[in-house]
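Trainee: Here is what each chain is made of, one letter per residue.
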Amino acid sequence: MSDFLIRHSLIASSVVKIAVLLFMVLTALAYLTWFERKVVAHIQSRWGPYRVGPHGLLQPLADGLKFIMKEDPMPAGVDKFVFVLAPLLAMTVALTALGIIPFGPQEIELFGRKTSLAIVDLNLGLLFLFAISSLGVYGVALAGWASNSKYPLLGGLRSSAQMVSYELALTLSVVGVVLMAGSLSLRDIIQSQSGWSWHFLPRWNLFAGPLPQVLGFFCYFTAAIAETNRAPFDLAEAEQELVGGFHTEYSSMKFAMFFMAEYANMVTVSCLATILFFGGWLSPCPVTGHWIWTLYLPAAVFVLGGLGLIWDGLHYTTPIGKFELTVLGAVLVGVGGLTAAPFAIHFAQGPFWFLTKVLAFLFVYVWVRGTLPRFRYDQLMAIGWKLLLPVSLANVVFTSLALVVKNK
Amino acid sequence: MTAVLFFLLAAVAVAAAVSLILQREPIHSALSLIVVMAALAGLYLLLGAEFISAVQIIVYAGAIMVLFIFVIMLLNAGVEERTQFSRMARYIGLPLAFVLGAGLVYWITRWTMGTASAASMGSVTRPLAMMLFQDYVFPFELTSILILIAIVGAVVLARREDERQ
Numbered sequence: 001m002s003d004f005l006i007r008h009s010l011i012a013s014s015v016v017k018i019a020v021l022l023f024m025v026l027t028a029l030a031y032l033t034w035f036e037r038k039v040v041a042h043i044q045s046r047w048g049p050y051r052v053g054p055h056g057l058l059q060p061l062a063d064g065l066k067f068i069m070k071e072d073p074m075p076a077g078v079d080k081f082v083f084v085l086a087p088l089l090a091m092t093v094a095l096t097a098l099g100i101i102p103f104g105p106q107e108i109e110l111f112g113r114k115t116s117l118a119i120v121d122l123n124l125g126l127l128f129l130f131a132i133s134s135l136g137v138y139g140v141a142l143a144g145w146a147s148n149s150k151y152p153l154l155g156g157l158r159s160s161a162q163m164v165s166y167e168l169a170l171t172l173s174v175v176g177v178v179l180m181a182g183s184l185s186l187r188d189i190i191q192s193q194s195g196w197s198w199h200f201l202p203r204w205n206l207f208a209g210p211l212p213q214v215l216g217f218f219c220y221f222t223a224a225i226a227e228t229n230r231a232p233f234d235l236a237e238a239e240q241e242l243v244g245g246f247h248t249e250y251s252s253m254k255f256a257m258f259f260m261a262e263y264a265n266m267v268t269v270s271c272l273a274t275i276l277f278f279g280g281w282l283s284p285c286p287v288t289g290h291w292i293w294t295l296y297l298p299a300a301v302f303v304l305g306g307l308g309l310i311w312d313g314l315h316y317t318t319p320i321g322k323f324e325l326t327v328l329g330a331v332l333v334g335v336g337g338l339t340a341a342p343f344a345i346h347f348a349q350g351p352f353w354f355l356t357k358v359l360a361f362l363f364v365y366v367w368v369r370g371t372l373p374r375f376r377y378d379q380l381m382a383i384g385w386k387l388l389l390p391v392s393l394a395n396v397v398f399t400s401l402a403l404v405v406k407n408k
Numbered sequence: 001m002t003a004v005l006f007f008l009l010a011a012v013a014v015a016a017a018v019s020l021i022l023q024r025e026p027i028h029s030a031l032s033l034i035v036v037m038a039a040l041a042g043l044y045l046l047l048g049a050e051f052i053s054a055v056q057i058i059v060y061a062g063a064i065m066v067l068f069i070f071v072i073m074l075l076n077a078g079v080e081e082r083t084q085f086s087r088m089a090r091y092i093g094l095p096l097a098f099v100l101g102a103g104l105v106y107w108i109t110r111w112t113m114g115t116a117s118a119a120s121m122g123s124v125t126r127p128l129a130m131m132l133f134q135d136y137v138f139p140f141e142l143t144s145i146l147i148l149i150a151i152v153g154a155v156v157l158a159r160r161e162d163e164r165q
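The listed protein sequences derive, respectively, from chains A and B. Note that the numbering used here gives residue 35 to position 35 of the first sequence, counting from 1, and the numbers run on in steps of one. Note that the numbering used here gives residue 111 to position 111 of the second sequence, counting from 1, and the numbers run on in steps of one.
Chain A on its own, in the form it takes in the complex (with noise of 0.2 Å):
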């Protein structure tokens, strides 16, 4: 077994990678709807979830098994095979797109086979997340057509609009960094911004090179969440005129599947954001000379968080809460140990801080939806086509300008 396993490792390590990386991704996804729920809730000065387990952690959980033990009716006169197609089109689009992502530098052993962290590295890395990322549209299209209402149709007519204007914005904003690291490899992307200009900035795309990529960056951004249909730019599901938006007549798992996407594409553009401007899983602070303490700083962050954790747990007011928290207050303290030991420490640091730049990504995507009201439907198109095309090629010009001045 372990023979036939060592001959096939290219498959038997790919496959293991998959399901691990599904495992973390759909959990993530999960804890993502909590997350937003929570930090949405204390920005309009609301608690959010509470009931279900401690500070509502239990939430995602009862979420999911309501959604799994819910009736799923099909409404009468819709085109059956399109509408069951496509909310898993939607879902699996979504998912593939994640399996080009590089999480760290290092490479781990799997069946005597060497390979990265991510599924698979490609050299045309970013034209393939463009490519899959091109398709998600589908997903929404179909689901507006198929569910054969009005107001479905009109959310799906909508935003299949407002995607492809979108992304000829953000198929734009990506060229500057692209010209900069000459690849359009992830791996090389990341590579190519490490180094510190005079000792402490980070050589980052955002604010290094021959031309920083602000306006690039600015202008990924705002495509990127429009691209995902979110707040402000989430006229496709705009509750007031729409009901729903594309996703009306869908319950169930299906429904589930629509929400699941948006998430996993959340999640996608905030790590393409940190790969492309904020260097991926390079460390923000150089670590040699006297910044090597910073090698520990995964470890104190997993245990402060642990510490606080318990601490709150202790004074929690239910016996389970107690329980619960304390239990996880000790995991976290349990990690944070972990990554401090010497055979892990160098491994830690790369997935840690690309982590970490997703999450303030993440947060930022929710901090938005939760501050900005809703663009109107002409403003989102001129928004899209008379501000963010111009200055995406504007900066496509700049940058190559910089880049033969530097060259010469």
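Treat the hints as calculated values from the structure; they're not laboratory data. Glycine included, every Cβ here is placed at the ideal spot set by N, Cα and C. Incorrect hints may appear among the rest.
Partial pick of chain A residues on the chain B-facing surface, computed with a CB cut under 10 Å [claimed, not checked]:
id, residue
1, Val84
2, Leu85
3, Asp121
4, Asn123
5, Phe130
6, Leu157
7, Ser183
8, Leu332
9, Thr356
Assemble chain B onto chain A, guided by the hints.
Mentor: Then chain B, alone, in the frame of chain A:
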């Protein structure tokens, strides 16, 4: 492995192409066309043309077909009506199609195809860029202008009703 994948993708492409013609619902036809495009992208990938494969998906499946579906949704095109073969199609069209098919089979089997393997799997992007933007920059720019003219023409055509008011 490559041969198996090739025949799998080819079968998918042909099946989807047949389904494209036989489907009565316009959206189903469009979906079949997307499957054809995806299968073609897979074939390009087998040939080592990663860049062309990605661009095939981005341009055809991601952009052009989205517009197709958009237009079908917007116009709410109904189900196609199925008619009997017209007399013209039955007595002239079918024999001609048969002759064309036979001719294709004949020529393809006679043609000893070259087995020029694709360039190495390395970076295809750079040589492609060199070709497009240095060797063939004039035709490339000419095509761009042609497309620009088409866009301007479309906008002018769409605008005409406003001016009449």
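Trainee: Against this structure, judge whether each hint is valid.
Mentor: Here's how the hints hold up against the structure:
1. Val84: Because about 13 Å separates Val84(A) from the closest Cβ in chain B, which is outside the 10 Å limit, the hint is violated.
2. Leu85: OK, holds: Leu85(A) within 10 Å of chain B, min 8 Å.
3. Asp121: 13 Å, violated
4. Asn123: 6 Å, holds
5. Phe130: 6 Å, holds
6. Leu157: 6 Å, holds
7. Ser183: Because about 8 Å separates Ser183(A) from the closest Cβ in chain B, which is inside the 10 Å limit, the hint holds.
8. Leu332: Violated. Min distance 41 Å.
9. Thr356: 30 Å, violated
Consistency with the previously given hints fails for numbers 1, 3, 8 and 9, ordered from lowest to highest.
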